[in-house]
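*Asks:* Sequence:
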Amino acid sequence: MGTYKFSATTTAFYPVEMLDMYEQAGTLPADLVDVTDADYTAFTGQPPAGKMRGSKGKKPAWVDIPPPTQEETRQGWVTNKTRLLEEAEAVIRVLERAVKLDMATDEEKAQLEAWERYSVLLSRVDVDNPEWPDKPE
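Residues in the sequence shown are numbered consecutively from 2, following my numbering.
Among the hints, a few may not be true.
As the list claims (entries may be wrong) - Calculated pairs, BS3-like style, for lysine-lysine (alpha carbon to alpha carbon, straight line, at most 30 Å):
hint: 1; residue 1: Lys136; residue 2: Lys110
hint: 2; residue 1: Lys101; residue 2: Lys52
hint: 3; residue 1: Lys110; residue 2: Lys82
hint: 4; residue 1: Lys136; residue 2: Lys82
In case anyone wonders, no lab produced these hints; they're calculated from the structure.
Could you put the whole structure together from the sequences, leaning on the hints where they help?
*Replies:* Shown next, in the form of structure tokens:
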């Protein structure tokens with residue numbers, strides 16, 4: 002017998018010497034099975050690309066990472082939009098300062114206009130169906 006047990010429900014390993022503590026806390030899963038120390042080592046390491054720890058039958062296994070939910074995808078787009086807007090505003094601030102101080106080159110003035118247009122287009126991106134504008138060079 003190994004020094005760990007595995008729960009397919011929680012996809013977690015439980016040290017045998019701590020089972021009493023989990024039981025006293027009311028957190029000991031009912032579906033624990035014996036696993037080898039080799040299983041423990043294999044399935045607590047870095048998963049292969051696109052995989053996560055799960056179970057097949059009652060034993061640990063690498064399973065495919067499920068695709069993101071619609072809400073997770075939307076939240077990723079919201080985060081991306083916010084990050085891109087912050088990046089654009091940071092570039093714009095520096096270029097505006099150069100214009101304000103009458104230090105801007107013709108290239109910087111053109112860059113300012115391009116970044117401002119980009120910022121406006123970004124602000125209009127519908128995060129439910131995003132079409133991302135091209136970032137200025």
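*Asks:* If a hint holds in the structure, say so; if it doesn't, say that too.
*Replies:* A quick look at each hint next to the structure:
{"no.": "1", "hint": "Lys136 <-> Lys110", "verdict": "holds (16 Å)"}
{"no.": "2", "hint": "Lys101 <-> Lys52", "verdict": "violated (52 Å)"}
{"no.": "3", "hint": "Lys110 <-> Lys82", "verdict": "holds (24 Å)"}
{"no.": "4", "hint": "Lys136 <-> Lys82", "verdict": "holds (12 Å)"}
The structure fails to meet hint 2 from the earlier list, while all remaining hints are met.
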